[in-house]
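Given next are the chains, with one letter for each unit.
2 protein chains.
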Amino acid sequence: MNAVALRRGESAPAVIQKPMPEPAAGEALVRTLRVGVDGTDREVIGGAHGSFPEGEDHLVLGHEAVGVVEDPNGTRFSASDVVTPTVRRPPEGANGYFERGEPDMAPPDMCLERGIDGAHGFMSEYFTSPAESLVRIPESLAPLGFLVEPLSISEKAIQHAYASRSAFDWRPESALVLGNGPLGLLTLAMLDDYDRTYCVGRRDRPDPTIDIVERLGATYVDSRETPVRAFAVEYEAADLVYEATGHAKHAVETAAALAPGGVGALLGVPESWTFEVDGGDFHKDMVMNNKALVGSVNSGADHFRAAAERLAELPEWFIDALVTRVVGTDDVARAFENDETTIKTAVEFDTR
Amino acid sequence: MNAVALRRGESAPAVIQKPMPEPAAGEALVRTLRVGVDGTDREVIGGAHGSFPEGEDHLVLGHEAVGVVEDPNGTRFSASDVVTPTVRRPPEGANGYFERGEPDMAPPDMCLERGIDGAHGFMSEYFTSPAESLVRIPESLAPLGFLVEPLSISEKAIQHAYASRSAFDWRPESALVLGNGPLGLLTLAMLDDYDRTYCVGRRDRPDPTIDIVERLGATYVDSRETPVRAFAVEYEAADLVYEATGHAKHAVETAAALAPGGVGALLGVPESWTFEVDGGDFHKDMVMNNKALVGSVNSGADHFRAAAERLAELPEWFIDALVTRVVGTDDVARAFENDETTIKTAVEFDTR
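Taken in sequence, the protein lines are chains A and B. FYI, in this note's numbering the residues of the first sequence are 31 to 382. FYI, in this note's numbering the residues of the second sequence are 31 to 382.
Treat the hints as calculated values from the structure; they're not laboratory data. Do not rely on the hints blindly, as some may be mistaken.
Intra- or inter-copy, both count: the list cannot distinguish identical chains.
With a cut-off of at most 20 Å between alpha-carbon atoms, the simulated EDC-like pairs for lysine to aspartate or glutamate come out as follows [to be verified]:
| no. | residue 1 | residue 2 |
| --- | --- | --- |
| 1 | K279 | D315 |
| 2 | K279 | D308 |
| 3 | K279 | D311 |
Just chain A, with the same shape it has in the complex (with noise of 0.2 Å):
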């Protein structure tokens, strides 16, 4: 079958051949219709972040996909149930994060990530997974099902980030987004009930993501001329504050942003960056105000089903105009490229 894949020593993704997977006792075959496309995958693909499964000289892509159920194989799942895949593997042998069903609160050495760190990803005709690392969806999701995935990144954060205000009366009614990537933007259109949004980014106008925040109701702010550090006094403290830029400097900026009583969610990855930042005012304005900051990764398979009622939800334009490039197999390439006009692309194998 055909695969996605990053070989050793290579700079870009190829196709691949690969056997037809069989499935474990406990494993469903799944048949691959759609996988997406995120910064994440371009980071394995710079050799930023993850690495090889062991022994293998080359890494399947792909950490977002839905598919449909080829061979239930004696699971729960009926052949045709269209689902997607939770992202995380235990490494040899389980451990307490995967027997307590939560393998997004273990550390990066205690799980896998296929497609990302150490276990082949989605991005192939078929895969296979434990009946438990997959999570039925609506039929009518099946096009759209590789948004379940970034989606339940959002909704497990956004549920942390609520749950460290659940100790007081919290009422919240201004939210910031930092990032206009695709993560960005599917926050952003997840915090509808909010009264006023901002998203920031460093764009000019005439820009795809720029139109989307703004037809959300959002106001788009740009960083070139109001930093982060500078938003609560040029626009409004922010109840709640995403950050999904991985910009070092905006974990601390991200708590000068914030409302009293506000709770920042951190989503970024970036790298080692030594800098100069007044410790004695971040550290004085999140206890004076009553602050909070949540770091969050990944996603456990409640948050894939809330992500897939959250999908349905959303507006159509806005999901026409996210999706901005669907591929096949025989030009994988483009699904990878990334210029002013992507948001978000997918690799299609198939479909229902």
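Position chain B relative to chain A; hints supplied.
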């Protein structure tokens, strides 16, 4: 009546004479028993924190009080009820924080703090307080009721820290307290259900605080030998870190000391201080290890009630070791002394 106050332009508290206060409608008159002294009082006296009440030439000190209701004045209290007052009062007019019963969540410019910031404290023979700002405690706690306020600070911080971990199955086993002052020691005593506890200080043995740390079953960590940033490697990454030092570098270092899925409660209030940090490592670690930081200040009536229950459970030897001095108003200067034999002191105005 006698009151212990800081007069404008002076750098030491003095006993002054004030008229007996008259309770307004909705207020009770309280006869003061004891008022505790803490680091905030020393900062107020040193001019580093707080402010005088508007138009006044002095500030009555003290925010950790216990007293007996002298005149219920039509409120829900009875004469001779033992009560502790919460600290925050609304500024001119009320605001949503007070209306919702959550003044502890108000930002600094939306509240006054009795004995600290813009409102007279409780270090006088009598004080008045709105009934909703008084918490009845058992009579048996009357001599120690001045410890309810500092305990309530930790009750709130720990409540918020746990809330931040409530979206998953958090099972904390190890806790690190930064600071061996009274608040650090009280918190260490509260964390008696942890398997392993650590307390960071900067003192040489023999030292009474180190003795308490060890008698509580905790490990004393000298930060001159093991800086907080090295704690996780030298000892173990902690599930809960409670910061009560006000050392600006400890906000970011708290994150480094945390285990995956851990939470750091920040309570110290440092001054501005710009220094270099690896903001990339901090940010990445927060995200990849699902860590949280929660700032917390002040406390509400529910936290006072929880603190009173906690106080009743603390071992007698611990309280005896913690409270190193109780002085009368004739010897008030000694209550504010702070040497290596001082842990917690209080000014006594009366006994039940």
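Tested hints:
1. K279 / D315: For K279 and D315, both the intra-copy (16 Å) and inter-copy (14 Å) Cα distances are at most 20 Å.
2. K279 / D308: both (12 Å within a copy, 10 Å between copies)
3. K279 / D311: both (15 Å within a copy, 11 Å between copies)
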